[in-house]
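Undergrad: Sequence:
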Amino acid sequence: MTAIEDLVRQAALLGWSVEFKPYCEDAETPGFLGQIAGVCVHSRRALKIATEGRTPEQIEAALRHELAHALGEEHAESGPGVVCGGRRNAFGEKI
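Heads up: the sequence shown begins at 3 in our numbering, then just goes up one per residue.
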């Protein structure tokens, strides 16, 4: 099992879904296209992870980071290609 598969399994066991998308930016998560590596959507218990132009290591780092937010961390550890913006709601306000 790869590290990404293991993290997806951990998320599922905790009741979170993982969505791999080319980009995280959409109507639910507005932003500049390609800027966001991952998002933890608490209202849906979903982790959105961007894949376009990212290496498996960057995808793993984003997934690990967003899983930490799902578990309640306000500022999660950052890895390659990930910069923490803190926990925010759909309006960009800190939660």
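Honestly, the hints are just simulated from the structure, not real lab data.
It should be emphasised that the depicted structure is a prediction, and the values quoted were computed from it without experimental measurement.
Keep in mind that the hints are not guaranteed to be accurate.
[To be verified] Result set (DMTMM-like, lysine to aspartate or glutamate): computed pairs, CA atoms no more than 20 Å apart in a straight line:
| hint | residue 1 | residue 2 |
| --- | --- | --- |
| 1 | K23 | E7 |
| 2 | K23 | E54 |
| 3 | K23 | E75 |
| 4 | K23 | D8 |
Undergrad: Run every hint past the structure and note whether it holds.
TA: Status of each hint after checking the structure:
For the given pair, K23 sits about 16 Å from E7 by alpha-carbon distance, which is consistent with the 20 Å threshold. Distance hint between K23 and E54 is fulfilled; the C-alpha atoms sit about 8 Å from each other, no more than 20 Å. The suggested pairing of K23 with E75 is violated, with an alpha-carbon distance near 23 Å, which exceeds 20 Å. Simply put, K23 and D8 have alpha-carbon atoms about 18 Å apart, close enough for the 20 Å limit, and the pair holds.
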